[in-house]
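A.B. asks: As they're listed, the protein sequences go chains A and B. Quick note: the first sequence uses the working numbering, first residue 1, plus one each step. Quick note: the second sequence uses the working numbering, first residue 1, plus one each step.
Where hints are given, some of them may not hold.
What the hints assert, rightly or not - Distance windows between CB atoms, simulated:
1) B/Trp182 <-> A/Ser77: 26 to 36 angstroms
2) B/Ile90 <-> A/Gly97: 29 to 39 angstroms
3) B/Ser123 <-> A/Thr72: 24 to 34 angstroms
4) A/Lys118 <-> B/Ser17: 39 to 49 angstroms
5) A/Gly136 <-> B/Lys265: 18 to 28 angstroms
6) A/Glu189 <-> B/Val94: 38 to 48 angstroms
7) B/Arg160 <-> A/Arg268: 31 to 41 angstroms
8) A/Ala177 <-> B/Leu18: 34 to 44 angstroms
9) A/Arg139 <-> B/Asp69: 57 to 67 angstroms
10) B/Ser17 <-> A/Glu189: 47 to 57 angstroms
11) B/Ile261 <-> A/Asp126: 25 to 35 angstroms
12) B/Asn255 <-> A/Val82: 28 to 38 angstroms
13) A/Asp126 <-> B/Lys265: 41 to 51 angstroms
14) A/Asp126 <-> B/Ile131: 57 to 67 angstroms
Since the hints were derived computationally from the structure, they do not count as laboratory data. Quantities reported herein were computed from a predicted structural model and do not represent experimental measurements. Every residue, glycine too, gets a C-beta built ideally from N, C-alpha and C.
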Amino acid sequence: MSPGAIPLRPIDSAAAAVRPAIRIRDLTKTFGGLTAVDRVSLDIAPGEFFMIVGPSGCGKTTLLRILAGLETATSGSIEIDVPAGSSRPDNSMVFQGDSIFPWMTVWQNASYGLRMRKVPAAQIKDVVGYYLDRTGLGRFANYYPHQLSGGMRQRVAIARAFANDPHILLMDEPFSALDAQNKLLLQEELLHIWEEHKKTVVFITHSVDEAVLLGDRVMVMTAQPGRLKQFVPIALERPRDIMELQGAPEYGELVHRIWSSLRDEVQRARELEEKIGDKP
Amino acid sequence: MTAETVAPARREPSELSLRDRDRILSIASPIGLLLVWEIAARSGLVDVRFFPAPSSILAFLWDLLLSGDLWMHTWASLQRLFWGILFGGIPALVLGITMGLSRTLRAIIDPLIAATYPIPKSSILPLVLLIFGLGESSKIFMVAIGVFFPLVINATTGVREINKIYLDVGRNYKADRWNTFWTIALPGALPVIMTGFKLGVGIGLILIAIAEMNGAKSGLGFLIWSAWETFAVEQMYAGLFMFALIGFIFTVLLNELERIIIPWKTT
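Kindly produce the complete structure, drawing on both the sequences and the hints.
C.D. replies: Given below as structure tokens:
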């Protein structure tokens, strides 16, 4: 297949009719006098790979932290659709930067969520074993994080989140600290694992490329205060081949479209920062 | 870019031999000192009433060992140290970590620690004797006090300095209070706690010596103090030597303990 021949996936207009996995209404978060997130409303469909891009300081991390239950909203609501009686957690987060415990082995880290939920040992063994194999960490189960590279450590964090089997996965710029090659490999691995279970993912990135490569839909946020600026559907066929995709014209168009929307905001964020810097 | 000729880096003249040399020197220097001391004592250059020859101290140590007294006094001190470390260490650990996690508790306890910490621990010995009497408990209490303060302070600091992201992970992955303590707070603070513990044991050693010099019937501190009273200088040195030995062994053991309980420490 030539790079230009990637067929577009029809945008499913019926998707809106399905009960959303995440329903956010008028979500606002202020810190003192500063508004980080301003009246954001959106629905995320079950199994959707949802990307959020925005200039730094636009409140995208705050939004994710509210979803993760690590911050409380000032006003507005968030509903995560969890079937009644489900023992699975509603979300698990892959944090930005090093977040795996240095005092635990790879195995202990990857099994952390399951152990905290008191899942039977036999089941932990199966699930964790599976995800460590999927992330290529099977041989390193008894290693400590300091014995691993940065890319491997982030793979442990991903295995930890997937093994916990949440209804939605939250990812906060999980690859931003990695070099370009490792980033590419991890993006591919993430897509492969995701293809198997099609979990709902909310993924924050500052990279437009990453947003297009991974996502079903991209939300562009404005500079502070963080508002919803625009949704861009990414109707590229799955499963995706990252290398192939990067040569496709549709890919370039989407990157261009998102970047033109984002560009003004990044510019504005910079002006805001300079203004703060000017203050005596 | 300017072209430069770079001379190939010259290797240090055999690094291993330098290390060997250091090792030899570090063994030779104390032996040398003892030798100088011995000669000075025998030739009358130093007053043997204050600085008896090392050989005579060694002979005295040997006699003390054979009579069983050396062991009796050492054992008495070791037991007090053990219980003191235990009774001072465990509350300090629990309180310190809990303070690290709880802002409220910190607000309540911090001023109390700040107010009592600067008091020289040795100065409360009379009060401790008054309360606990001359028995074992007063000595154990003194050691416990010595261990308690550095450990409680370091445990609090250790927990507070844990990268906040780990506590976020704990919350996101639904760790309850119990598990937050055992899987995040304690191991995360352990390196700093260990430093505090080493410090505390050192202070405990100082305090056991002082406590045993007052109203004790046994222990190395008593051995040294009674040597002063009877002007038995060799006996005094024997006590000092044993304290030095205990201090050295504790240091080795604590370093080993650190290596075992903190396997993730990079060095």
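A.B. asks: Return holds or violated for the Cβ distance of B/Arg160 and A/Arg268 against the range 31 to 41 angstroms.
C.D. replies: holds (37 angstroms)
A.B. asks: Is the distance from the Cβ of B/Ser17 to the Cβ of A/Glu189 consistent with 47 to 57 angstroms?
C.D. replies: holds (49 angstroms)
A.B. asks: Given the hint of 57 to 67 angstroms, check if A/Arg139 and B/Asp69 actually sit that far apart at their C-beta atoms.
C.D. replies: holds (58 angstroms)
A.B. asks: Measuring from beta carbon to beta carbon, are A/Asp126 and B/Lys265 in 41 to 51 angstroms?
C.D. replies: violated (32 angstroms)
A.B. asks: Has the hinted range 57 to 67 angstroms been met by the Cβ atoms of A/Asp126 and B/Ile131?
C.D. replies: holds (59 angstroms)
A.B. asks: Given the hint of 26 to 36 angstroms, check if B/Trp182 and A/Ser77 actually sit that far apart at their C-beta atoms.
C.D. replies: Since the Cβ atoms of B/Trp182 and A/Ser77 sit about 35 angstroms apart, the hinted range of 26 to 36 angstroms holds.
A.B. asks: Confirm or reject the claim that B/Ser123 and A/Thr72 have a C-beta distance inside 24 to 34 angstroms.
C.D. replies: Check failed, 50 angstroms falls outside 24 to 34 angstroms.
A.B. asks: How does the Cβ-Cβ distance of B/Ile90 and A/Gly97 compare with 29 to 39 angstroms: does it lie in that range?
C.D. replies: Distance hint for B/Ile90, A/Gly97 holds at roughly 35 angstroms.
A.B. asks: Using the C-beta atoms of A/Lys118 and B/Ser17, is the stated range 39 to 49 angstroms upheld?
C.D. replies: violated (58 angstroms)
A.B. asks: Quick one: are B/Ile261 and A/Asp126 within 25 to 35 angstroms, going by C-beta?
C.D. replies: holds (30 angstroms)
A.B. asks: Check the following: the C-beta atoms of A/Glu189 and B/Val94 are separated by a distance inside 38 to 48 angstroms.
C.D. replies: The hint (38 to 48 angstroms, Cβ to Cβ) holds, given that A/Glu189 and B/Val94 are roughly 43 angstroms apart.
A.B. asks: Can you tell me whether the CB distance of A/Ala177 to B/Leu18 sits inside 34 to 44 angstroms?
C.D. replies: holds (39 angstroms)
Going through the hint list in order, the structure does not satisfy hints 3, 4, 12, 13.
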